[in-house]
Amino acid sequence: MATSQTYTPPNLTASTWFRRIVTPTGTTCSNSTSNEVLVTVRPQITPGAIAGTATLCTGGSAINLSSTSASTGGGTTRTYQWQVSSTSASTGFANVGSASATETFSGNTTTYANGTPGDGPKNYWFRRIDIVDGCSDATTITNVVQITVLSNITNNTLTAPASATLCTGNAFGAITGSTPTGGPGAYTYQWSRSTTSGGTYTTLTGTGTTGISYTPGTGTNDDITNTTAAAISYFYKRTVNADPASTGNCNSNLSSEVQITINPLPKIANKAYTICSGETFSFAPVIGAPDLDVIPAGTMAGVLCRS
1 MATSQTYTPP NLTASTWFRR IVTPTGTTCS NSTSNEVLVT VRPQITPGAI
51 AGTATLCTGG SAINLSSTSA STGGGTTRTY QWQVSSTSAS TGFANVGSAS
101 ATETFSGNTT TYANGTPGDG PKNYWFRRID IVDGCSDATT ITNVVQITVL
151 SNITNNTLTA PASATLCTGN AFGAITGSTP TGGPGAYTYQ WSRSTTSGGT
201 YTTLTGTGTT GISYTPGTGT NDDITNTTAA AISYFYKRTV NADPASTGNC
251 NSNLSSEVQI TINPLPKIAN KAYTICSGET FSFAPVIGAP DLDVIPAGTM
301 AGVLCRS
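Quick note: the sequence shown uses our numbering, first residue 1, plus one each step.
What the hints contain is simulated information worked out from the structure, not anything from laboratory work. Hints are not guaranteed to be accurate.
No more than 25 Å apart at the CA atoms, straight line, and that leaves these computed lysine to aspartate or glutamate pairs for DMTMM-like [stated by the list, open to error]:
#1 122 / 243
#2 237 / 223
#3 237 / 257
Generate the whole structure from the sequences, applying the supplied hints.
What follows is the structure, given as structure tokens:
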């Protein structure tokens, strides 16, 4: 009450001065007036807003959580406290970072790393508390932004066909690709080929070149015919891309290479020889050798038959 020893003012909308007058009762003494006290009413604090909702990869580039609108109202001295939660957008918040209007978040820091490559995505929620003249409450907290940290793509392995060496003209089995893990959990694939181990790889096009596994020779630009006299080899790799594409290391992953070898067809010269009745002969074509002469076994070219 306004006639009690102490007084609690109602909610004020403007700065107001207060004093207390003490009136003696039962005496003729004069009233006594206290000193004056000023209660300053400042404008309501509006916390402003932040932005930066994003998906990034473990070890990826830092993201700037920015201030899209400054806080207003309150006093003149303004500081900030950032908070993060790994629980939800409404609970589990703890102080983090510096007292600035913006905060840099990186997926490769100790606190916010996604852990072991191949782990599922992890979410973090950020908000900013605007502190004015040292005061803050629930009305000075900004909106919440979510950062999703993806693990890097792993388990991109290839298994060579059961028969990785064949003669030209024969069909190879498929190079089997594993199902990747990590990243966003959805993937696209691209196969490439090189003529040397560790050399320059050419992106393959056409049938099967964007599948999880690939059969050599089926791509439009993957002719594996061997027209030479020596064995030739080709080397294959698979690139796994995150779908949809995201930033950082989890965007793509390149496998190790798999080798196949194509041998030329054996050659036997088309030459005529005369042998005696009852004689036998054999020939041994050699892969990669020049055209061969066929000589009856146990004889020499040009030797007459015995009687």
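Comparing the hints with the structure gives:
This hinted pair checks out: residue 122 and residue 243 have alpha carbons roughly 17 Å apart, not beyond 25 Å. This hinted pair checks out: residue 237 and residue 223 have alpha carbons roughly 16 Å apart, not beyond 25 Å. Annotation: proposed proximity of residue 237 to residue 257 holds, straight-line Cα distance about 5 Å (limit 25 Å).
Comparing the model with each numbered hint stated earlier shows that all of them hold.
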